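Construct all of the structure, not just a fragment, from the sequences and the given hints.
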Amino acid sequence: MEHNPSQLAQASKVDVPDIQFVGVTKRFGNVAAVDNVDLSVESGAFFSFLGPSGCGKTTSLRMIAGFEQPTEGNVYINGQSVVGIPPHKRHVNMVFQQYALFPHMDVADNIGYGLRQRAPRPSKSEIAKRVDETLELVRLEGYGNRRVWEMSGGQQQRVALARALINHPTVLLLDEPLAALDRKLRREMQIELQTLQRDVGITFVLVTHDQEEALSMSDQICIMNEGRIVQTGSPRDLYDDPVSRYVADFVGKSNFFEGDVVDVNAGSYSIKSATGQVFSGFGSKGAPALVKGGKASIAVRPELLSIGSADGGNIDADVKILGQIKNRIFLGEHTEYLVECEGLGEVLVLSPKHIENIRGTFEPGASVTLGWMNDIALALGD
Amino acid sequence: MRLYSIAVYLFLYIPIGIIVLFSFNSGRHASDFQGLSTMWYGKALSNPFVMESLVTSLIIAFAAATLSSLTGTAAALALQRMRGPMRVLFDGLIYISITIPGIVIGITTLVALVTAFDIVNPILADMWPEGVKPPKLSLGYASVIAAHTLFTMSLVIVLVRARIAGMDRALIEASTDLYATPWRTFYQITLPQIFPAIMAGFLLSFTFSFDDFIISFFVAGPNTTLPIYVFSSIRRGITPEVNAIGTIVLAFSLILLVTAQFLLRARNERK
Amino acid sequence: MTDNKKGSWLTVALLTPTSMWFLFMLVMPMIVVVIFSFGERSAVGGYVASFTFDQYANLPARLKAFTNTLTFAPIGTFLSLIIAYPLAYYLAVKVDRRWRLLLLVLVIVPFWTSLLIRTYAWIFILGGRGIPTLLEFIGLEGIRMINTPFAVYVGIVYGYLPLMVFPIYVSLEKLDKNLLEASNDLGGTPWRTFMQVTLPLSMPGVATGCMLVFILLMGEFLIPAFLGGGKIFFLGNALVDLFVQSRNWPFGSALAVTLVIIMVVTVSLYMRLTLGGKNGRDQSLM
Amino acid sequence: MSKSYKDNMPITAKKFMEEFRRYEKGSVSRRHFMGVTGLGTAAAVLGSAMPSMMPKSAKAGSLGDRLIFSTWPNYHNPVNVENFTNDTGVNIQINAFGSNEEMLAKLQAGATGWDVFVPTNYTISNYVDLDLIQELDLSRIPNHDPSSQNPMFADPATVNGKVYAVLKNWGTTGIVYNSKNLKNGPTSWKDFFDLTMGEGSGHTIVHDYQLTTIGAALCANGHSFNSVDAGELEMAEKLLIESKPHLFAITSDYQPGMRSGDAWMSICWNGDGLQLNKDLPEMKYTLASDGGEIWSDFYCIPKDAPHVDAAYAFINYLLDPKVQVLEFESHGYATGDTRVEALLPAETADNEILFPAAKLMNGLEFGAANTLTDPIRAEVIARFKSA
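Protein chains in written order, with our numbering: chain A, 1263 to 1644; chain B, 4 to 274; chain C, 2 to 287; chain D, 1160 to 1546.
Hints may contain errors.
Here are the simulated DSSO-like cross-link-like pairs (lysine-lysine), alpha carbons at most 30 angstroms apart as the crow flies [what the hints assert, rightly or not]: (1) D/Lys1321 - B/Lys136; (2) C/Lys65 - D/Lys1349; (3) B/Lys46 - D/Lys1437; (4) D/Lys1321 - D/Lys1481; (5) C/Lys178 - A/Lys1446; (6) A/Lys1391 - A/Lys1351; (7) D/Lys1481 - B/Lys46.
No lab work stands behind these hints: they were computed from the structure.
These numbers were taken from a predicted model, which means no experiment stands behind them.
Quick look at the structure:
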């Protein structure tokens, strides 16, 4: 485990990750907010920390920024250890959750703030020029003289971005930057952030509890729980190959059928549920192997379930279970059914529009058959 | 509701009206209205004692307000980062110095200072070389300012601390994140943020000190503040001069307010 | 580590002036006064060292001052509250935004002339040539106002009204007007809306205002002296009298110590009751 | 007329801000800024209104530039004080006091900084005993002429053969009453208290310090004005407390109450009596047949006076007969100095309030030294006030 990234850095500059955590632990009192974390963020990546509140993602971000110092372990930025280095000496910048714009300064003064702290200080005209360029970058031309409180939420967000980006930091940190925006604006900003990141080529590190946000923007997502990293990977990896029920549950929606592992066969598992039915599923890539006799769940994504009439005749599936429709929600491009399956609990099914069009919809209360193919079912530990 | 409010404003302003009206009284006694005249303004303004006591009050109020703004702000900044028994001790002292009546501050300060001077002055006299007049500690500007500052400093601490507590900590983090050193963060971000509270503290302290009678009465030593002058004039037959002084002070405060408003507006327009 | 060390040095440096002030202007004077309170008055006035409880034993000689202070202070506070509240409510909720600031400033303007002079104006208004003369026109003769408890209460309410209006205004101003509409919308009569929504939400302001006024009234000296004609004695008056007329320092010290104890105990109790402990303290005092 | 009124203003707001900016940036000198903005004029006007603010270094001679003077309110002619300042360059700070006890309290607390103060006859020996005042060098007060002084009033200045004070003026303490409300005015302190608890209930003022109020009650009981006898004082306290519910006020500021008509009767010094009577003829000043106070006030120099030379010069100046005439016109008390009396209009000598008939004076007593410090009297008045 012990290696020295700065030596590596000298060996080949290109391979040095922008951010690297080695055995980082942060304790507040007796509580470990971050517990022995190793990770690295490649240069130019859009990297997200995802997890529920209190999982340690914000603390990790704050250790990169320098607001917190690790209790144990080492944080490297650009191959250099930054432990003990205060925030103002780190070449990273942050976009704060509530933006933290300076209320007593106008927009231009906010954006130029970082430049003004430089020694030697750039000339007034130089600062003004860079501020104008950055305003343009975030599409706020001409807003320089506005007071920050006169700006809308989305505009404030851009000012905060501009204030950080103007410094061309090694890494831009974003702490739940979209949390304060309404749904529609959030969607727009997600796209905008992604585009911006590609344009400026700076590494972005985002903290969010919103899986949709993380999935849609990031190259790499690090899912955390109780201070530890659960899984790191691309959005697709996480969705298709979650290493645990926790990840599958957090990334997208999933149905779980619990039971005991009764058979293990070359990466495929058989799990006996409470109803006595035996389901099989594949183990996930990168997940620890399940043990026979242990507890596990079969995970099936709702969009991969088929739904058909109670006689079960018209669906093509390896496994079929019976249930009764409890609730139905029409969502436009698909219909969402909540089906009560005796002994297995509630199962969520997403039925696409084109199929509904052909087959017709099921009314609440109707008895139905649910089915899936064995090769899409995953067997996951907790 | 509206009528009620008008009645309350009348209640607040009738005495003021009376003061102003009587200041134009040409008679010798405040409550004997004998005709309009501005003679008492002339008398008040040319009365060196009125002017001296006004200047004394201004000096004391300004010094107390400045001192308490500085020490109070410093203490509020320090206390905000402090925990444990020392914090509890300071909280207690602040609480007590705000709670105890001015009259008790005046008396305790008088008693303690007089006792202290009785001990220190002979020692000073002994220490000084023969033939040179030894310095002698006594009541005066320093003692009033110090006594006023005890109360006003705690006032500033409470005000500034509330402001710091209400301040977004992220602003400070944002500043350090943007390469500002702790000192630059302090004067570029923290100070402007808490400045309204410091200013409010300064003004409150100034007002308190300027209007204080009872503490000054005990510890002002040879100095006569305006309230002391007014008090002693009132006790043995008030003349319209006192009303004229009151009106002048009121007018002066109003002019200050309007000027401040004007300057603020000018600054905002520039922005 | 060095950062922490630097931080603690800074803390000490920032606190030094304040600590000096507390030590030399509060703690030591209180100690001296406590010592004095066990002494004796010298033959010509002043203090003679001694250890006796005589001064404390003589406290009942000022019983009336205690009972006066402890009746006038709470009643005066209450009167200020019931007169200030509707005004604060009017300013915060009813009045047009454009006029609000002006009207607020108008509440403080009277404070910019000496309390002494303003109180003195009341001597005239309540005196024989003032309101009683007006009352004679409508046939009410022989009404005396000045130098009565009524006059003292008028002086108290007049002197402390703004201190009550401001905190209440602040807490009412923060109140979300939607809440009032919501309550009305849910069928609350205006009175019920007031009792169940407005009043509870303005309690912090009420508590702050009451405490400010109460603290100041407990040490009041000028208002009873001027408007009570020297007949209505508060502890403040008794104290001044002991130091500047009788020159009985030990007895004055004992009285001062007693007053401080009463203040600290009543105010702590009050805060515990209304604010539920420590956290409310800062807000409550301002 | 077509021009805007603004043209006549010393400076427009905009111009002021411009100038202020320039001043801030340092491109303008302070003098220029003051001149352009008119602040210089304002400062000059203010300065001239505050003569004491502008040190008169040209005139400041060997006397120094300041003097602290503690006296009673409305007891001096401001013109005199101003003239003295103009002549000598000594600025005078006046502290006003309402009772001798208060002056004593201040001096006992020490560190007053006073250079000259005005005590009443009966307090002087106390000050000497307490070592609070200094012996006067009369050669430094050439305007003081012992032969022109009425010894009856001037004598308390000499203690143990040494002169510690010089006479300012004298007066009596009697009763003022409103003859419209009280047809049969009081002639004694007994009447005073009887009327208070009877016909005039709710309309009487007594003083807020010990000597006169306790003295009046003592006289009403047939005792000496100056008694320190515990039994007699107990009776006096009883009378006072009994009368308290019937009082209008306990204050030495009795003129407003009398003038407004609220009060009908008060313990009164003759100078105030004179002032009241002059303005409102129904106000009658009378001495009580069963006793009362006669008093004289003095100039003294405290032991630790910081400006002794100025103090002597000031006292000497105030004793100049012509200056004393001006003083008299301001306060209305007889000076006890024949040189001054000679300069006053003839009718002054006939004024009964100023100079009461000898038979009335006979019952009056000078305040006794021990009343000032007596602990029982101190506690009696305090208990009465807080009862």
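**Request:** For the pair we were handed, A/Lys1391 and A/Lys1351, check the Cα-Cα distance against 30 angstroms.
**Result:** holds, 24 angstroms
**Asked** Given the hint that D/Lys1481 pairs with B/Lys46, does the C-alpha gap stay at or below 30 angstroms?
**Response** holds, 22 angstroms
**Request:** Measure nothing beyond the straight line between the CA atoms of B/Lys46 and D/Lys1437; if it is 30 angstroms or shorter, mark the hint as holding.
**Result:** holds, 22 angstroms
**Asked** Regarding the pair D/Lys1321 and B/Lys136, is the alpha-carbon distance no greater than 30 angstroms?
**Response** Holds: D/Lys1321 and B/Lys136 sit about 27 angstroms apart, inside 30 angstroms.
**Message:** Run the distance test for D/Lys1321 versus D/Lys1481: straight-line Cα separation, threshold 30 angstroms.
**Reply:** holds, 28 angstroms
**Asked** Going straight from one Cα to the other, do C/Lys65 and D/Lys1349 come out at no more than 30 angstroms?
**Response** This hinted pair holds, its Cα atoms lying about 27 angstroms apart.
**Prompt:** Given the hinted pair C/Lys178 and A/Lys1446, is their alpha-carbon gap at most 30 angstroms?
**Reply:** holds, 28 angstroms
The structure fails none of the hints (numbered hints given earlier).
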